[in-house]
Amino acid sequence: MSTRLTNGGRLIDRRQPREFTFNGKRMTGFAGDTLASALLANGQTLMGRSFKYHRPRGVMASGAEEPNALFGIGTEGHFEPNQRATTQEIFEGMQAESQNHWPSLDFDVGAINSKVSRLLPAGFYYKTFMAPRPFWKHVFEPIIRRSAGLGKAPKARDADQYEHFYAFVDILIAGGGIAGLQAALMAGEAGARVLLVEQLPYWGGRTPVDGGEIDGMLAADWVKDAVQRLENMPNVEIRLRCMASGIYDHGYALAYERLTDHCADKSGSRHKLWRVRAKHIITATGAIERPLSFAGNDVPGVMLASAVRDYIADYGVSVGDRVVIVTTNDDAYRTAFAIHEAGLAVPVILDARTDQERPPEVGGFVTKARHMGIRVEMGKGIARVKGGKHVTGIEICDQAGEGHVLEEIACDAVAMSGGWSPVVHLWSHCGGKLLWDEEEAMFYPDETRPPISHDGKGFVTTAGSANGKLLIRAVMKDAQSAAKTVLEALGMDVAGGAAEAGPFNEWMPKPVWMMPQGAGKDLRQKMWLDFQNDVKVSDVQLAAQEGYESVEHTKRYTTLGMATDQGKLSNINGLATLANALNEEVPAVGTTTFRPPYTPISMGSIAGEARGDMFQPIRRTPIHEWHESQEAYMEPVGHWRRPYCYPKDGESHADAVKREVLATRESLGLLDASTLGKIIVKGPDAPRFMDMLYTNMMSSLKPGRCRYGLMCNENGFLMDDGVVARLDDETFLVHTTSGGAEHTHGHMEDWLQCEWWDWKVHTLNVTEAWAQIAVVGPNTRNLLEKLGSEIDLSAEALPFMGFAFGKLGGFDARVFRISFSGELSFEIAVPASQGRAFWDALHEAGAEFNATAYGTEALHIMRAEKGFIMIGDETDGTVIPQDLGLDWAISKKKDDYLGKRAQARSHMVDPNRWKLVGLETVDGSVLPDGSYAIGDGVNENGQRVTEGRVTSTYHSPTLNRGIAMGLVKHGPNRMGEVLRFNTTSGAEIQAEIVNPVFFDPEGEKQNV
Amino acid sequence: MLILKCPNCGLMADETELAPGGEAHLKRFGPGSSDEAFEGYLFARENTKGVSFERWRHANGCGKWFLAARCTVTLEVFATYSAQTSEPPAEVIEAIQARRPDWNRR
Amino acid sequence: MSSVSALQDARFDGAVTVEEAGLQGMVTLKADLSAQSVVDGLKRIGLNIPGQRQIVETDTGAIAWMAPDELLFLCDHDKAGDVEAQLDAALQGQHVLIVNISDARAMFRIEGKGVREVLAKLAPVDLHPDSFGPGEIRRTRLAQVPAAFWMQDDDAFNVICFRSVARYVFDILFKASETSYLRQAKQGVL
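So the protein lines, in turn, are chains C, W and R. All residue numbers for the first sequence refer to this note's numbering, where the first residue is 26 and numbers rise by one. All residue numbers for the second sequence refer to this note's numbering, where the first residue is -18 and numbers rise by one. All residue numbers for the third sequence refer to this note's numbering, where the first residue is 284 and numbers rise by one.
The set of hints was computed from the structure by calculation and includes no laboratory data. Keep in mind it's a predicted model, so treat the numbers as computed, not measured.
Result set (DSBU-like, lysine-lysine): computed pairs, CA atoms no more than 35 Å apart in a straight line:
(1) Lys(-14)/W with Lys396/R
(2) Lys362/R with Lys727/C
(3) Lys482/C with Lys8/W
(4) Lys30/W with Lys482/C
(5) Lys8/W with Lys727/C
(6) Lys458/C with Lys(-14)/W
With these hints in hand, go ahead and build the complete structure from the sequences.
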């Protein structure tokens, strides 16, 4: 039975109780407790159910590597699943719930999987659900989906806030243990800009628990002193609860700071994602203890030896009254001593090493234990753990044997240690390579093959246990040499005395990948490698037997290391098991790829400020507020928001659109066209450049006149279109599509800077300098004249496709007589700062003409009635101007323009290309968007033949019938033919091929 | 997340300020060119494993294009240089060969 | 004629004050800044081309180096036409482009202790006092949009962006400036 001890616990404050709930039950812990320590203090050892077999599981570790104790924390908008109890600090009122069980943690129906576990081997899902195929969608997939996933996805919208922070430093140090602190001290004293981050809420890593001396001080005191010194350095920033989560190219790193996860007060940012650019990174990330593979190693109460002593020393919590130690190394003896000193019993230490293997100069730990009266059995191991929801005892066996039980011992906890693995994740993220240390049985960084930065030099150095140096003296030496190397490489003076740590002789661990060595099948099926994903020794052996020789394949076949803990405990044991099964050396099998983040980080922190209203930038015209005040129905056009229509008094959108079209055609419409792109192109070579940009001849355009033009990319496909105004001999004003200005301007600059850099042309995107309003309809001229115009707007002075600048109603106006509707129309640009006032003035003066604001849908309908194409409707990146019958806008005289050569490619001149036509349904209805014209028979792939498709389709209020445009095979030669178009309901609609100009083909209305 | 020095404004620019533009030093083929030459220009790219020449635009910055010589394996950057050149300048070639003695352009 | 800026002088007072600076005159000159004729032309009206990425105050405002072929002239909003005309006259006959782009932009002023930290949340720029200070203009991005900023003094930045995204930029600046959001690093930034 786990419980709170009466004394001890360096991290907790017993004067500050904290009440929290666990599955609705009230519990009390202390400030400084993690959820794991608080649950253990309350006697709760059962903390979750495993993923596949729903086996009862307890906490195994005391840090970020914890695979079992995952909880949903918080409620509603603050709920988050899969939080590790070992890193979640408790706070007043915290609510925690366990996961992956039904109906309750104690009684879980899913545990039946465990009883039939022999039927659920590795690759079970692949093998079982392969066939019959039709079963997949309705039978297999729902079964798998129901059994997949650990925690519940939050249902409420995330109520928290998140932020990013860009930091630039000389040295980023990941890990605030003694190695990280030492490196930070040296770097700080050398004057470097340093960021030191530590994922835990305290400094010093394991050392304050494990003990030792540094600089003649107790290690714990040295840590306090080091932190104090760092806090006083202005050039050093130190952060707790801040995990270096990933290292990326060229010294880029992410650090994930948890600001309020430990607080009852959730105000402010919850997480801050540090986006760090470091000249150099030191990873001092320590090491993780390995579990041992013996039968029943997942029963609640079996824990890592280091965790057992952490709970005693850090939180004053005992995990049991009788704790058996099973180990392959000296380190676990520290746990035995800690338990003993806490007044609890250690019935036996089972040490897999034999006396014969012991070099003479080591063995002090064994002697000390025996001296304390603790029974130590050498060459022994655990054959099997007894107990279901909790450990009740163990069976002792010879490590060298097959599991013959020598003795049973009653106990309520087991502390195991299979040695230590350096945390090499960060080193490996960006390509750092590893070496295998046979003696210590661990992978460690190969300092000759680090991740490479832009200058071709390594930018990551590891220090301390992360570098395979496990003993305090070696750790301090390694940290000093790492800091020195890094500082010298950065050209900084290394100052300050290096700390000295006391000596320590330890007996090397013995690599033990299975306990006992000759365990039979029944034992191997109960030896867990990956606790979270329920992968056992027998699964990996089965994978090897079935031919999965590559570690990457074995990983995916068995799901070893694929859970939320990413195999922090299981990887090395799994690799070694695979290597043994394949009769290979461990390094020959190699590791799987380490990928960021080190532990999962919140989606919110990745998004940062980009949520809600700030999810993406919304572009607003100078008239945007008016549209909102009219409750216009807005639609996205690129990042712009434009009014689709302005419904009034309960009108449907269709009714509003109809009213807007008719009002415009009958009298006067006003359109906010400010989103239209405007680019100035100027220079002696501007005419020549314009001829290259457009398919038609622009150099022949006369100053004062406008011309419609088509712009293609080098593939020949239509990219943008618009009206070009020639301001003077050297200057053109290019109008682009809405949302196309940036792309088109970039296209121009690309050609000017990278191909024709000797041409004298300047360009400038002035889109947003101007508010532009299309004034459209028969009463347009009346309205403008009423406003008072210095510009002569008569047909003679300002003919169609002309423009003039001057004062209009007191505004600084640029008036372009162009039309996208077929009506008499002026597009008038005024400085953006005057845009809203001009819009208001037009409405005020236009009231007598029933001036009607119209939206994009009315705009689209009116252009379709006139057969004008729309980029993005009639074009989709595979359409050339010739497809659209726009040959009149393609110059035959020019030697070259962008896209000309491509338009001569064989497929582009194929007479079978689909071409633009108008379509009129026989019954007057509206063709569905995207509908295809159905041909006869099937093609060589057995698909129904199609011979055309709809590109634009509307109800025309003017004609009171459905009209459409489409691309049809041999279309222009098939006028009057009736085609069949498909619909999603399966019915077909008949439509006749007609001229795409449905309305006023002579252009009488616009030329008045 | 690369950092590249923009030779136009002198900044070490974060990749998020930059826009990639594909392979550098393409020779344009226009009207009158053979199908093969045009296909090569429009579609065929070196896609080098190793030293590669690339176009980048300092889009969220000075707006100018520049070229970079970079190793696609180690991400080492040998040089960034003016976009107004049809071949890598001699000093760029030298900078590459200083780090990759066996390398030759094509 | 009543002219208005994008947000009509919106303002937020948090740990850092964020305010739209109102109407601001801006004229862009595109020219080969290395050409002697351009240098001389500007010199004739008493203007020197700032160094790379520098912003220099003048009698009527400031001149900023935006790119090797681009300068930005800051002035009173109603004087932009005059600046345009003055530059036109000074660079007559040369291959240059001079445009009043005042209304294409919005400008913000953010002020207060911790102002560097506010921008460091949004821009991938080293804002440590050793790396960035008054006299330099930085074109970069703020979260998802292009922007430029420079320091007026140690506790104040001017920020410019495109007019259409003025609301977005104001929102991200004020969000980053909320008191509860600021946890001051030792030197404002790292």
